[in-house]
Amino acid sequence: MTAAAMPTTPVLRSEWIKIRSARSILGSLTAVFGATAGITALTAAAIGTAEEGAMGADPLLAAFYGINFGQIAAIAFGATALAGEFRNGALAVSLTAVPNRTRLYLSKVVVVAGLGFLVGQVTGLVTFVSGQAFMGEYALGLGDPGALRAVFGSGVYLMLMALLSAGLTALVRSGTLVMCLLIPFVLIVPFVVGQLVGGAGRFMPDRAGQAVMRMNAEGSLGPWTGLAVAALWSIVALAAGWFAMRRRDA
Amino acid sequence: MNRIEIRELTKDYGTTRVVDYLTFDVLPGRVTGFLGPNGAGKSTTMRLLLGLVRPTAGTATIAGRRFTDLQDPLRHVGALLDPQAPHGGRTARDHLLILAAANSVPDGRVDAVLEQSGIASAARRRIKTFSLGMRQRLGIAAALLGDPGVLLLDEPTNGLDPEGIIWIRDLMRGLAAEGRTVLVSSHLMSETASFADHLVVLGQGQLLVDTPTAEFIDAHSSRRVRLRTSDADRLRAALAGRGFRLVPAEDGRWTVDGIQAEAVGALAADEGVPLLELSDERSSLEQAYLGLTAGRAEFSAGAA
Numbered sequence: 003m004t005a006a007a008m009p010t011t012p013v014l015r016s017e018w019i020k021i022r023s024a025r026s027i028l029g030s031l032t033a034v035f036g037a038t039a040g041i042t043a044l045t046a047a048a049i050g051t052a053e054e055g056a057m058g059a060d061p062l063l064a065a066f067y068g069i070n071f072g073q074i075a076a077i078a079f080g081a082t083a084l085a086g087e088f089r090n091g092a093l094a095v096s097l098t099a100v101p102n103r104t105r106l107y108l109s110k111v112v113v114v115a116g117l118g119f120l121v122g123q124v125t126g127l128v129t130f131v132s133g134q135a136f137m138g139e140y141a142l143g144l145g146d147p148g149a150l151r152a153v154f155g156s157g158v159y160l161m162l163m164a165l166l167s168a169g170l171t172a173l174v175r176s177g178t179l180v181m182c183l184l185i186p187f188v189l190i191v192p193f194v195v196g197q198l199v200g201g202a203g204r205f206m207p208d209r210a211g212q213a214v215m216r217m218n219a220e221g222s223l224g225p226w227t228g229l230a231v232a233a234l235w236s237i238v239a240l241a242a243g244w245f246a247m248r249r250r251d252a
Numbered sequence: 002m003n004r005i006e007i008r009e010l011t012k013d014y015g016t017t018r019v020v021d022y023l024t025f026d027v028l029p030g031r032v033t034g035f036l037g038p039n040g041a042g043k044s045t046t047m048r049l050l051l052g053l054v055r056p057t058a059g060t061a062t063i064a065g066r067r068f069t070d071l072q073d074p075l076r077h078v079g080a081l082l083d084p085q086a087p088h089g090g091r092t093a094r095d096h097l098l099i100l101a102a103a104n105s106v107p108d109g110r111v112d113a114v115l116e117q118s119g120i121a122s123a124a125r126r127r128i129k130t131f132s133l134g135m136r137q138r139l140g141i142a143a144a145l146l147g148d149p150g151v152l153l154l155d156e157p158t159n160g161l162d163p164e165g166i167i168w169i170r171d172l173m174r175g176l177a178a179e180g181r182t183v184l185v186s187s188h189l190m191s192e193t194a195s196f197a198d199h200l201v202v203l204g205q206g207q208l209l210v211d212t213p214t215a216e217f218i219d220a221h222s223s224r225r226v227r228l229r230t231s232d233a234d235r236l237r238a239a240l241a242g243r244g245f246r247l248v249p250a251e252d253g254r255w256t257v258d259g260i261q262a263e264a265v266g267a268l269a270a271d272e273g274v275p276l277l278e279l280s281d282e283r284s285s286l287e288q289a290y291l292g293l294t295a296g297r298a299e300f301s302a303g304a305a
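Chains as they are written, first to last, in my numbering: chain A, 3 to 252; chain B, 2 to 305.
Honestly, the hints are just simulated from the structure, not real lab data. What you are looking at is a predicted structure, and each value in this text was computed from that prediction instead of being measured. The beta carbon of each residue, even a glycine, is placed where N, CA and C say it ideally should be. Hints may be right or wrong, so weigh each one.
Have a look at the derived ranges for each label pair, beta carbon to beta carbon [what the hints assert, rightly or not]: (1) A:Leu234 to B:Ala58: 48 to 58 Å; (2) B:Arg224 to A:Ala6: 54 to 64 Å; (3) A:Arg151 to B:Asp108: 38 to 48 Å; (4) B:Asp70 to A:Asn90: 54 to 64 Å; (5) B:Gln117 to A:Asp251: 40 to 50 Å; (6) B:Arg127 to A:Glu139: 32 to 42 Å; (7) A:Thr4 to B:Gln261: 54 to 64 Å; (8) B:Thr16 to A:Thr4: 26 to 36 Å; (9) A:Asp251 to B:Met2: 27 to 37 Å; (10) A:Asn218 to B:Thr130: 50 to 60 Å.
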C-alpha cells in the first residue's frame, strides 16, 4: 500500500460529514447507545432485583443485557455508513473527489471505527453504571473483578460488529442485504448452531466477542481471546470489502 | 494545458466491445460536443477518463496525467455524471461540503457554486425533494466546485426546462471562453450544434466524426434559404438569372435551394428588392446525423 492509499485529514473530514449529514447513519449510531443503555436500564429496573440471575446466568454479561439489541443498531450503523456509496452511482461521485479506492475505503473504515469506538465506550460505561444502579443487593461495581474489562470490551465489541457489517456491505454492495443476513444471524443462529454443533457456535463473531463481557469464561475462549476471534471476523470482512472495492468498476 | 488525450481506448464488457479503439483530443478554449446514439459509448468513455472503469486497452489522460494520479482532482476536473447519484437524505449544501472537504476546497466555494447554479435558495433542502432539473443544477454545482480547468458533462441538459437549457449553454460557452476544456455529451445533434465549437461523434464505440461544428454543418446540411419579400416577382427573375428557383412555402414565405443567405442578401440588395426576412435553413443536420449513425444505434425501431 502506497502513501497515496492512506487516509488524509481532508478525506477523513469528508467521510465524517457524510455520516453527520445523513439521518439514517446518524440515527443508527445514536440507537447503539439508546438501545444498549436504555434496554439494560429498563430491564434492570423491571426485574433486576426480583431474584439473583434474573437478567442472565452470568451477572457481568447480564449487566450488558441491552447489547443484544444495541449490536443490531451497530450492524445497521456499519451497513448504512457504507451502503450510501452503492446506491444510484454515488460511488462514482465520491471517486471523482477521491480517485484512489483504497484511500476512500480506508478513510471510511477509520471514521466508522473511530465513531464506533467512541460511542461504544460511552455506551459500555453508561450501560454498566446505569443498569447496576437498579440492581439493589445484586449490583456490581466498576471495582469488581472483570468489570472494567467488560466495560471497555463491550465498546470494542460494538465497534467490531459495525466493522463486520461495513466490510460485508462493501463486499455485496447492499446494506439491506447485509442487515437481512446479519441481524437474524446474531439473533437466531448462535442458539441453533450452539445446540447443534458442540463448540463451533462459540467461534461465531457475536458469541466469541461477548466472551469479553463474561465473568466466568465459557469453554476454551477467554475474554481477550474471544474478542480477538470477533476482531478476526471483522478484519476478514473488511479485507473482503476492500478487495471488492478495488476490483469492481464503479 | 488542459488537453484531454484519448489514445486507442478500448473497453470490452464480456464479448461486447463498448468503446472501440478510440483516438481523439479535446482541446481547451472551446466546447466539444460528444455525440452518439444511446449505447454508442459516450458515458463509458467519460467513465474511463475518470478512472471509474478500467480500460481493456489504451489510455485516457488529462494534461498528460491519468485522472487517478491527480492530487485533489476536483481542482483539475469537474464532472457531471448521474444527477440521481447524490444521497437523497442529505441537503444540497452537505453534499457539496463533503466533496469540498475531500479536496481541501474552501467551504466558501460551496455557497458560491450554489449561487452560480441557481439553487442557493434550496441549499438546505434534502436532495430527495429536488426535481430532475434541480438535481442537474446540483451536479453542475459539484462540477464547478474546485474551479477546474476541465469539465466533463454527461447530458447536462437532461431534465432542464428551456430557461435552464439557455443557462447551461451560456455557462458552457463562458467556461470555454475562459480557456477551459469543456466536453459535453448529448444525443441531440441540433441542440449540440447550437453551442459546440467542435463535434466528436461516436457510433457503436467507434469514432465517426472529429471535426469543427461549422465544417460538419457545411458538409452535411444542404443549403437552403427561407425568406419573405414584398416583391417576389423581381426576386424570382433575379434568382432565375443565376439558375436558382424561388419556391413558395407556407404562410407567404419562400425557399431557395442550393444557396446561402449571404448570396441572396447581396443579390436582393443589388436588385433593390426588399427582403422582410432571410435565414439559412439547416433542417437536414439531424438527418445527416441520423444517416451517419444509422445502423449503429444499439436499439433502433424496426431493427431486427
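Comparing the hints with the structure gives:
no., hint, verdict
1, A:Leu234 to B:Ala58: 48 to 58 Å, "40 Å, violated"
2, B:Arg224 to A:Ala6: 54 to 64 Å, "56 Å, holds"
3, A:Arg151 to B:Asp108: 38 to 48 Å, "43 Å, holds"
4, B:Asp70 to A:Asn90: 54 to 64 Å, "27 Å, violated"
5, B:Gln117 to A:Asp251: 40 to 50 Å, "32 Å, violated"
6, B:Arg127 to A:Glu139: 32 to 42 Å, "51 Å, violated"
7, A:Thr4 to B:Gln261: 54 to 64 Å, "60 Å, holds"
8, B:Thr16 to A:Thr4: 26 to 36 Å, "35 Å, holds"
9, A:Asp251 to B:Met2: 27 to 37 Å, "29 Å, holds"
10, A:Asn218 to B:Thr130: 50 to 60 Å, "55 Å, holds"
In this structure, the earlier hints numbered 1, 4, 5 and 6 are contradicted, and the remaining ones agree with it.
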